[in-house]
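Residue numbers (the numbering used here): 50 to 374.
Fair warning: there could be bad hints in the mix.
[Claimed, not checked] DSSO-like cross-link-like pairs, simulated, lysine-lysine; straight-line CA separation at most 27 Å: (1) Lys167 to Lys264; (2) Lys284 to Lys350; (3) Lys282 to Lys272; (4) Lys191 to Lys264; (5) Lys129 to Lys264.
[To be verified] Just the calculated beta-carbon pair ranges, DEER-fashion: (6) Asp68 to Arg308: 26 to 36 Å; (7) Asn186 to Asn260: 13 to 23 Å; (8) Lys245 to Asp152: 51 to 61 Å; (9) Thr318 to Thr107: 13 to 23 Å; (10) Ser195 to Ser248: 47 to 57 Å; (11) Ser268 to Ile196: 48 to 58 Å; (12) Ser87 to Val283: 36 to 46 Å; (13) Ser268 to His82: 33 to 43 Å; (14) Gln372 to Arg54: 24 to 34 Å; (15) Lys106 to His150: 49 to 59 Å; (16) Gln372 to Arg81: 25 to 35 Å; (17) Ser268 to Arg81: 56 to 66 Å; (18) Ser334 to Met166: 39 to 49 Å; (19) Asn143 to Ala240: 53 to 63 Å.
The set of hints was computed from the structure by calculation and includes no laboratory data. As the structure is a prediction and not an experimental result, all values here were calculated from the model. Backbone N, C-alpha and C fix where the C-beta goes; we use that ideal spot for every residue, glycine too.
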Amino acid sequence: MITQRQLSILNAIVEDYVDLGQPIGSKALIDRHHLDVSPATIRNEMKQLEDLNFLEKTHSSSGRSPSEEGFRLYVDQLLKQTSRQNKNKIQRLNQLLIENHYDISSALSYFANELSMKSHYATLVVRPKHSEEMINNVHLIKANDSIMILVIIYNSGHVEHFHLNSSLELSSDRLIAISNFISNNNLEMSAKLSNKINSFASSNEEKQFINDIVKMINSHISKQSNTIFLGGKVKLIDALNESNVSSIQPILQYLESERITELLQTITTNDINVKIGKEIDESLSDISIVTSQYHFDNSLKGQIAVIGPTAMRYQNVIQLLNQIW
50 MITQRQLSIL NAIVEDYVDL GQPIGSKALI DRHHLDVSPA TIRNEMKQLE
100 DLNFLEKTHS SSGRSPSEEG FRLYVDQLLK QTSRQNKNKI QRLNQLLIEN
150 HYDISSALSY FANELSMKSH YATLVVRPKH SEEMINNVHL IKANDSIMIL
200 VIIYNSGHVE HFHLNSSLEL SSDRLIAISN FISNNNLEMS AKLSNKINSF
250 ASSNEEKQFI NDIVKMINSH ISKQSNTIFL GGKVKLIDAL NESNVSSIQP
300 ILQYLESERI TELLQTITTN DINVKIGKEI DESLSDISIV TSQYHFDNSL
350 KGQIAVIGPT AMRYQNVIQL LNQIW
């Protein structure tokens, strides 16, 4: 059972270790925190913390470093102290969406880089599932004899447009009718939708044209869902360079694999979650991942992850994510 004094000493060691990047000795701890106890007392408490597996001692130093268990205890306290609050939330993504002319990809890419600059670590932002982003309206516009422009407007205000190669001769009224048909129907391919298209189309060519549009929209939605935007990869490499160069390659491989996507897809609440070292993966002992959700509105949301070394400035990162709605 850890005592309150041992807990205070552990917290001080974690914070000093994050600041200095080296094992912390008893004298340095007393000097930095103006502790009114003897070095012998601190050394004894540090030995107790080591026996409890919260601290580690290296052969090359008389000081001690936090273990994964030590970081875990420290972080759990922070999470209790900074539990999610509904006040002072920043709806930054809505601002970015407007600034980027309702282009979600541009807004999320900017958001990932902005979070990386503020946290000083690498940041992953997962695009919301397109299935959650309902299509509000579809417009077909004839550009010339061989090209049409398909404009898709989502409920969020996000707009996408595509160029279609088609020489099909359609009047303006017919293009409006087809646009309305696509807008008003569930585009998930089914026998019901196929029957509706067959009944609506005025010719086999028109039927093929509508089917091609529906397939293209579904293919685009499938590809775009869960796209990951990475900001500040260099910041992660720099941070790891200072501690363990050999760990960089497996970490980068992890970030580029399906495993990180699977981890982020488990985030289903607004709660901030922190995974440290081997809690993420058995092969990873040098990084931590702090995760949460972001919102465009009450229904459209995705996941955020800040990735840094285990000696991360957890308090800063947790406070940063705690401000985001």
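Now the hints, each set against the structure:
1. Lys167 to Lys264: violated, 41 Å
2. Lys284 to Lys350: Roughly 26 Å between the alpha carbons, so the hint for Lys284 and Lys350 holds.
3. Lys282 to Lys272: holds, 23 Å
4. Lys191 to Lys264: holds, 20 Å
5. Lys129 to Lys264: The given pair, whose Cα atoms are some 48 Å apart, is violated under the 27 Å limit.
6. Asp68 to Arg308: 26 to 36 Å: holds, 31 Å
7. Asn186 to Asn260: 13 to 23 Å: At roughly 20 Å between Cβ atoms, Asn260 and Asn186 fall inside 13 to 23 Å, so the hint holds.
8. Lys245 to Asp152: 51 to 61 Å: At roughly 31 Å between Cβ atoms, Asp152 and Lys245 fall outside 51 to 61 Å, so the hint is violated.
9. Thr318 to Thr107: 13 to 23 Å: violated, 38 Å
10. Ser195 to Ser248: 47 to 57 Å: For Ser248 against Ser195, whose Cβ atoms are near 28 Å apart, the range 47 to 57 Å is violated.
11. Ser268 to Ile196: 48 to 58 Å: About 19 Å separates the Cβ atoms of Ser268 and Ile196, which means 48 to 58 Å is violated.
12. Ser87 to Val283: 36 to 46 Å: holds, 44 Å
13. Ser268 to His82: 33 to 43 Å: violated, 59 Å
14. Gln372 to Arg54: 24 to 34 Å: At roughly 33 Å between Cβ atoms, Arg54 and Gln372 fall inside 24 to 34 Å, so the hint holds.
15. Lys106 to His150: 49 to 59 Å: holds, 56 Å
16. Gln372 to Arg81: 25 to 35 Å: Holds, at about 29 Å.
17. Ser268 to Arg81: 56 to 66 Å: holds, 58 Å
18. Ser334 to Met166: 39 to 49 Å: Check failed, 27 Å falls outside 39 to 49 Å.
19. Asn143 to Ala240: 53 to 63 Å: violated, 39 Å
Checked against the numbered hints above, the structure breaks hints 1, 5, 8, 9, 10, 11, 13, 18 and 19 and satisfies the rest.
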